[in-house]
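Student: Residue numbers (the UniProt record's numbering), protein chains in the order written: chain A, 1 to 224; chain B, 1 to 224.
By construction, these hints were calculated from the structure, which means they are not laboratory data. Hints may be right or wrong, so weigh each one.
[Claimed, not checked] Quick list of simulated restraints, FRET-style, between CB atoms: (1) A:E90 to B:E61: 25 to 33 Å; (2) B:R120 to A:P155: 23 to 31 Å; (3) B:P155 to A:A87: 49 to 57 Å; (4) A:A128 to B:T187: 54 to 62 Å; (5) B:T187 to A:T178: 53 to 61 Å; (6) A:T214 to B:E61: 34 to 42 Å; (7) B:T187 to A:P155: 38 to 46 Å.
[Claimed, not checked] Stretch by stretch, here's where chain B covers chain A in the computed footprint (C-beta under 8 Å, at least three residues): (8) 40 to 53; (9) 137 to 143.
All values derive from a computational prediction rather than experimental measurement. Ideal placement from N, C-alpha and C gives every residue a C-beta, glycine not left out.
2 protein chains.
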Amino acid sequence: MSDVSCPDSADRTATVDLLGMLALGELTAFSRLAADADMAPAVAGREAFARLALVEFGHYELLLARLRELGGDPEGAMAPYAPVFAAYHERTRPGTWLEAVVKAYVGDGIAADFSREIARFVDAESRAAIEAAMDDRERSAVLVRLAAEGMQSDPHVRGRLALWARRLHGEAVSQAQTVAAQRESLTTLLTGSGPQLDLVALGELFARLARRHTERMAALGLEA
Amino acid sequence: MSDVSCPDSADRTATVDLLGMLALGELTAFSRLAADADMAPAVAGREAFARLALVEFGHYELLLARLRELGGDPEGAMAPYAPVFAAYHERTRPGTWLEAVVKAYVGDGIAADFSREIARFVDAESRAAIEAAMDDRERSAVLVRLAAEGMQSDPHVRGRLALWARRLHGEAVSQAQTVAAQRESLTTLLTGSGPQLDLVALGELFARLARRHTERMAALGLEA
Chain A
1 MSDVSCPDSA DRTATVDLLG MLALGELTAF SRLAADADMA PAVAGREAFA RLALVEFGHY
61 ELLLARLREL GGDPEGAMAP YAPVFAAYHE RTRPGTWLEA VVKAYVGDGI AADFSREIAR
121 FVDAESRAAI EAAMDDRERS AVLVRLAAEG MQSDPHVRGR LALWARRLHG EAVSQAQTVA
181 AQRESLTTLL TGSGPQLDLV ALGELFARLA RRHTERMAAL GLEA
Chain B
1 MSDVSCPDSA DRTATVDLLG MLALGELTAF SRLAADADMA PAVAGREAFA RLALVEFGHY
61 ELLLARLREL GGDPEGAMAP YAPVFAAYHE RTRPGTWLEA VVKAYVGDGI AADFSREIAR
121 FVDAESRAAI EAAMDDRERS AVLVRLAAEG MQSDPHVRGR LALWARRLHG EAVSQAQTVA
181 AQRESLTTLL TGSGPQLDLV ALGELFARLA RRHTERMAAL GLEA
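Sequences are here, hints too, so could you generate the full structure?
Tutor: Okay, here's the thing in structure tokens:
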């Protein structure tokens, strides 16, 4: 781990690549939240989702600013990840408003956890940008409230939502594993000059993600 | 036309209703732009659409603030218009990025023209809010540029886009006519104590919309 603001050349390339991935994730989340807002049964829910989308866009800008500071090319750093995010969202298209709410909470929560785990491997300033962008306490509170409201008006929906959340976890982890295994620059970061992330450590990382997922399910009052 | 900041009770109810319609139009446009951003061939186009969406959300807040100043209930004022906007967007779902760009320019342009026409019938402060929210000069410049870029890489697309724009005009005008004819509160405004908008005047209004549509088509280099 290079705890300085200007990482060396190989780490810099890998960090730009990582920031590109996270920035595109935020831009994609912005689009999906804004689109799913349409499913809300009342205007208040639409507005709440729209505001969450605005926050994601702010995070996108934050990550992009750091990417540019490191001399990265936004288009080049983001474009390779378009298929990963497209595949995830294609495979987890919510069919109802409550599914959209649970997806925003569970799916984006896993993405944030994963990003924070990887942030340990980059320079201090990039890490700070990532941690600020992935701070999801406020959005979590909003989403848990929206889910509770929705489940109150349809108490029989819990079982279906628990299955849905389990599927979201599976799809999110699958995409994260693909990215961790296939992107050379990420491998460079994770097994580079700093703390190594071997297969055992990677397994522990995903175990931590599963544990935090279980905590989120508890906050929703759903079985994990 | 009551050129004061506090319209009388009947006009106030009608103005709140109008602001509700326009606010929901902005919120819906926000969602559609953000969703259609996904279709951009490069990240730059996605970001451009996302930024246009943010501007729409700002307009939504502006209209809502005036609605609240007049003592209106946002949910009550917006909800009745949900089917109109849903129908318009359902019937004009773009199949390609260029169709999305032309829709944002042409469709939202007609909506802005229509809103400005109706703004003549409300109090000065509400009119100012509507005119600020409907100022589409900056977005028009962005969209004309995106359209030109897209058509450059696919010069054979012009004929198809001209037909698409004609359909957008038809659908937008059809929804506008429905709203103008069916909503009692709008009828109150348009035929109320101020300047009357009889059928002849309404016909002239739609003729003006068609003329401005033709100007937009010329800016795109397409036949109207």
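Student: Evaluate each hint against the coordinates.
Tutor: Results for each hint:
1. A:E90 to B:E61: 25 to 33 Å: At 32 Å between Cβs, range holds.
2. B:R120 to A:P155: 23 to 31 Å: violated, 50 Å
3. B:P155 to A:A87: 49 to 57 Å: violated, 32 Å
4. A:A128 to B:T187: 54 to 62 Å: Holds, at about 57 Å.
5. B:T187 to A:T178: 53 to 61 Å: Since the Cβ atoms of T187 of chain B and T178 of chain A sit about 57 Å apart, the hinted range of 53 to 61 Å holds.
6. A:T214 to B:E61: 34 to 42 Å: Between T214 of chain A and E61 of chain B, where Cβ atoms are some 38 Å apart, the hint holds.
7. B:T187 to A:P155: 38 to 46 Å: holds, 43 Å
8. 40 to 53: holds (count 7)
9. 137 to 143: As far as the stretch 137 to 143 of chain A goes, the hint is violated, because 0 residues have Cβ atoms under 8 Å from chain B.
Checked against the numbered hints listed earlier, the structure breaks hints 2, 3, 9; every other hint is satisfied.
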